[in-house]
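Colleague: Assembling the complex is the task here: the two chains are given apart, and the hints tell you how they should meet.
Protein sequence lines correspond, in order, to chains A and B.
In terms of the working numbering, the first sequence has 209 at position 209, counting the first letter as 1, and numbering is strictly consecutive.
Each position in the second sequence, counted from 1, maps to that position plus 1000 in the working numbering.
Errors might be hidden in some of the hints.
[Claimed, not checked] Result set (SDA-like, lysine to any residue): computed pairs, CA atoms no more than 20 Å apart in a straight line: (1) B/Lys1114 / A/Ser280; (2) B/Lys1114 / A/Ala275; (3) A/Lys118 / A/Leu209; (4) B/Lys1109 / A/Cys27.
Think of the hints as simulated: they come from the structure by calculation, not from any bench.
Being a predicted model, the structure only gives us computed values, none of them experimental.
Here are the chains, one letter per residue:
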Amino acid sequence: MSITVTSARSARKGHYRLVEGLVEAMCMALGLVLAIWALLPIYNMLLIALSDHGAVFSGDTYPHEPSFHSFVVVWTQGFWYLERFWHQFGNSFFIGLMTMLLTLLIGTMTSFTVARLKLRHGWLLTNAALMTYVIPASFLAIPFYRIMNIYGLGNNPWSVIAAMVTFATPYAIFIFQHYGKSIPMELDESARIDGATPIQIYFLIYLPLMSPALVAVGTYALLLAWNEYLYQFLLLSSKDSMTVSVALAQFLNSDEAPWNYMMATAVVYAVPPIAIYYASRRYMAAGLTMGGVKG
Amino acid sequence: MSTTQQVLTIGQDVAAIRRKRRAWHGSLQGSDFAWAIAFAVPYACVFIAFVVYPILFGFWLGSDPDLYVELLDDPAFITTVINTLIYVGLGVNLKMLLAFLLSGFFFRKSWWTKTLLVIYILPWAMPALPAFMSIHWLLNGEWGFLNSVLHQLFNIEGPHWLNEQWLGLTANISAYTWKNMPFWTVIFLAGRMAIPQELYEAAAVDGANRWRGFRHITFPLMAQLYLVSTLLSTIFSLGDFNSVFFVTGGGPAMSTEVLATLGIRYAFTLGDPRLGVAAVLTSLPLLIPLVVLLMHMLRRQEMQL
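Just chain B, with the same shape it has in the complex (with noise of 0.2 Å):
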């Protein structure tokens, strides 16, 4: 072996560590590499503390096949599947479309509509607990501010909002509404003014009624962003305790809870933590999928907004 040959070995080793070496490092190279890591640490660290931790100690919390049997033995716990369903179904669809086309509302450019939006983006600016608390109050059967307008201007004596399931799960959604409905009309707003004015005009130009430029325009470009935000929002809604649990507090006897609801009150009220996971993670078969579309959507089109 030469050493002309030598060398070359040598060097081809040296460029394998090397390209090893790159495939850990990246381009960074000696003390760069300890700096990047260590600005990668503290996330890493949160994110295993309290992020994967939690998420496994939930899973062996509610590893027993004999909770579930026993979760659908209580007839709570169908009511509150039911409810969920409807809960989230309805009211992030009615909030969604209801935002969609106040989006289009506020799009006028006309001197009161700022003016408007500035009140009307309030139930999202305050805090959830005293806007709920006010609203579980203003529904009250007797002495609440709605049946108290209802008898004085229409001589009307208003139902016992809180005291019927029916009647307790409209109170929930419409809370529910109420608080989130300014935030997305908001993003919609957002995502109307990117549209380039240019394609109305030339839309305009072509003959194009504004029907017709809703619906060639408008509509297609704003599909995605709608979509995107209908899966994320459902996401949050499955989770969202506060509306519920301050509206109705679940009640009458439990008929309006849901599963972020009951499983903080097997875990803490009745003292079953085990079966409150258990509740929880009822919610998986139909949170997974939604979490993979959304993936699937955010990856194949990055959000602009």
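Bound-form chain A, shown alone (with noise of 0.2 Å):
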């Protein structure tokens, strides 16, 4: 009887392992399709990056001969649409640095004066940032683009830089007011009573505070603006003023383009960001909140 019994339960657990084997095989299966769904555009990217022209034409599924001349091409300028390159690259990384900066400065200024200084009607920014959120910026390009040359800002980085920090700061006053809910009142309270001015409970108490949200924002920032790809096509036309996206898409206007030259520089183009996203992952989760998905 007891043996049966005994028989019995440990055919069971052999059934439960079975099972459970089962499920971790599925699910490595389903982890090796997910990876190479995930792979998959940037494998074809560097395959045709390590490629020589003729190869690109070839069929090839793994690169027989792989040859860095495309991006020494790159990196010695050595070739019609990539003769400004670092120039590029450089506006990319200025107007960038400026959004960062700006988004930071006015965002945290915002949300100082709604959150701790309880500006009266303060409710008014915030709506006001919600509803700039939620405004598709593809759409805002027309009148945008319009009114840029009004103000005079045509091929001017500041006009993209205009573009960018007034789409990177609704997201901005979100989370530092989010973040700010974590820093007692009782700190700016008793400044005040040792006599501190609103500015100096701004720079010596709250932005001290809110650090990490900086980090976090100002990565979202950093990387939007790189990123961005249609303000800066309609707003920059020159090829001194253009940054890495616009050159970069420039390989589109025309068939005869070697497509390894325009890989090579997209994956230039791609590693910074890349690099700076998976460094500052860490602060991103911390500011996660709804999440920068504007196209």
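Modeller: Spelled out as structure tokens, the structure:
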């Protein structure tokens, strides 16, 4: 009697182990599919960048003779579309940096006055930010382009910075208000009693305590500006003012453009934001609320 | 009138003035109020100069009713509206459902899912432009990687993915899903992690199996997040320009165009900004209810993530 019970139990245990093993195997299969799905376009990009011009059209599925020729061309600006590549790289960086600084400045100032100074009717600003957040950026592109010409900012990097700051500050204000709730108001009040002015509280208490949120939002703004295409394409037209994304898209203007140079440029353009993203992922996770998903 | 009464009435007047002032200043006094205003000025300026003004300018550009007659006469516009509805309706829901299911997959704590998540997030971490350019070339009918693989592994002649309307739309939706799904997976993963584990343990003690745990704990707690995310994503994908512009480019023959790309094409390729704005404005009957619904949901319950 007891023998049959034990054997039944061990049979059931074996059955469970089998089911668990099957589930694990299925999960691994799914994981493999996901990895291929995620990496396919990236592999394709590297494959073409590492091919010679002729090999691009050979239908190879792996680089037979990988060559870094295309990357050398990008590095030395050795192609018509890439003549001013490093200058344009600098433009992208400048626009990203200015967007980051202005977004942080305007975002913290707004959330400081609404949440800490308790400005009456401050909710108007918060609602304005929310409204901006839900307007698809591409829908505003046409009037924005016209208005920048009215402001006399045509073909000027500051027009792109203005656009990027406009679309980055709403997210910044949300995150700052959300994060700011964790900083006790008593700090402000005791500083007040000691005679601190609002600007001293802003610089000496508010900003230092907000630094994790500043890193998250700063990264977000920098990446938003670096990755943007439409506004930069519309607002920057000359070779000296354009950014890397616009220069990269130029390759599509001609059917003759070498695909391997284009993909090498794409890789060089994509590496900095990927590196920054992974480096700051820890901080980004802290401020993931609603996220930066504007296309 | 006695002096005491006078003092009292003056006192009342002062109190009234103070009340009035308090209505505007809040609890702030004197220079503090000036500081509060000064801190509010930069964003107010940005909002007026770069949001309000362009919106009003846009409405003015698209105010001529004849533009809409012109749009309805253009067969490309009708195709575009249908494409936009398919692209947004199918793309967003497919992406959200998959992201939700995959968040459950990544919630499993095993040694390799963490590594996989790092790889899986790559499409989101990289800029849209190079990714979509690569996908465009990947799907090239003659020399693309996908058809090369199909040929070498299975000896199948793959179709010309980007030369036909429905295949092109599928390609756009797939590219869109590829790029954006990781982000929402991470959002849902964070949502799942916020659910206290004790709830599941208590349910297990009461004899609930995994399905019932999902049905009665995970699902109700995640429903709000799922709905808000879907609404937000729908609004953003309506304005998504990059995936369509770089994967199919709206082709062949403008058959996969969506409103965001058609507006830009009218305005800058054909040089008719008024018509472009009008095309974009036709999305308002869909956009406004979505925004109102989203605001309502956000107000009802503060997003906690």
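Colleague: Verify the proposed pairing of B/Lys1114 with A/Ala275, using a straight-line Cα cut of 20 Å.
Modeller: Distance ~18 Å between B/Lys1114 and A/Ala275 Cα, so the pair holds.
Colleague: CA of B/Lys1114 to CA of A/Ser280, is that 20 Å or under?
Modeller: 17 Å, holds
Colleague: Check whether the Cα positions of B/Lys1109 and A/Cys27 lie no farther apart than 20 Å.
Modeller: Since the Cα atoms of B/Lys1109 and A/Cys27 sit roughly 12 Å apart, the hinted pair holds (cutoff 20 Å).
Colleague: Mind checking the alpha carbons of A/Lys118 and A/Leu209 for me, to see if they're no more than 20 Å apart?
Modeller: With a Cα-Cα distance of about 18 Å, the restraint between A/Lys118 and A/Leu209 holds, given a limit of 20 Å.
Checked against the numbered hints above, the structure violates none of them.
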